[in-house]
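> Sequence:
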Amino acid sequence: MTHWRQLRGRELDTYIAQDLGLRVERVRKARRYNEQDLYGMSDDGGLSWENLPYYSTDTNAALDLVLEQPSIKGVQIHKVKPDKYVAHVFDGRALDTVINATGATPALAICRAWLTWREDKRRQLEDVSALTSG
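Add 920 to the 1-based position in the sequence shown for my numbering, that's all there is to it.
Source of the hints: derived by calculation from the structure; they are not laboratory data.
All values reported here derive from a predicted model rather than from experimental measurement.
Careful: at least some of the hints might be erroneous.
Claimed, not checked - Computed beta-carbon distance windows for the label pairs: (1) Leu987 to His923: 43 to 53 angstroms; (2) Ala1050 to Asn1020: 24 to 34 angstroms; (3) Ala1050 to Pro1002: 21 to 31 angstroms; (4) Lys1001 to Ala1050: 12 to 22 angstroms; (5) Gly929 to Asn1020: 18 to 28 angstroms; (6) Glu945 to Lys1001: 34 to 44 angstroms; (7) Asp978 to Arg925: 16 to 26 angstroms; (8) Ser1053 to Glu945: 35 to 45 angstroms; (9) Pro1002 to Glu945: 12 to 22 angstroms; (10) Gln1044 to Glu988: 34 to 44 angstroms; (11) Gly929 to Leu1051: 32 to 42 angstroms; (12) Asn971 to Leu1051: 18 to 28 angstroms.
Idealized CB from N, CA, C, for every residue including glycine.
Kindly generate the complete structure, drawing on both the sequences and the hints.
Structure below.
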């Protein structure tokens, strides 16, 4: 399986939605002159289908994704080169905890910072559970 750091576009959006616990389906519809890929997502009950957000290309969707997390206190984005952005995600668990990630667009940098934050959070939970169980 490809690591999320190599994913872009719809593949990254799908990975993020699945990481959030949503079920994602891709349906290919053949039209008279072209084919169209449709993506949809739902919760465990499968009741609320909606379009999959464009996290990796839409900066507003990426910001919503990050700022929905209660422990994240803010995001900063800096343009360091014409095609390179750096996103800083500030975690409220420790005032000096900052997750940095880069991307070709602001949205991609934000998504990568969020995924790095999720990995870090999971690793910390695993460390705590290993200490308490052992």
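> Would you pick out the hints that fail for this structure and give their numbers low to high?
1, 3, 4, 9, 10 and 12
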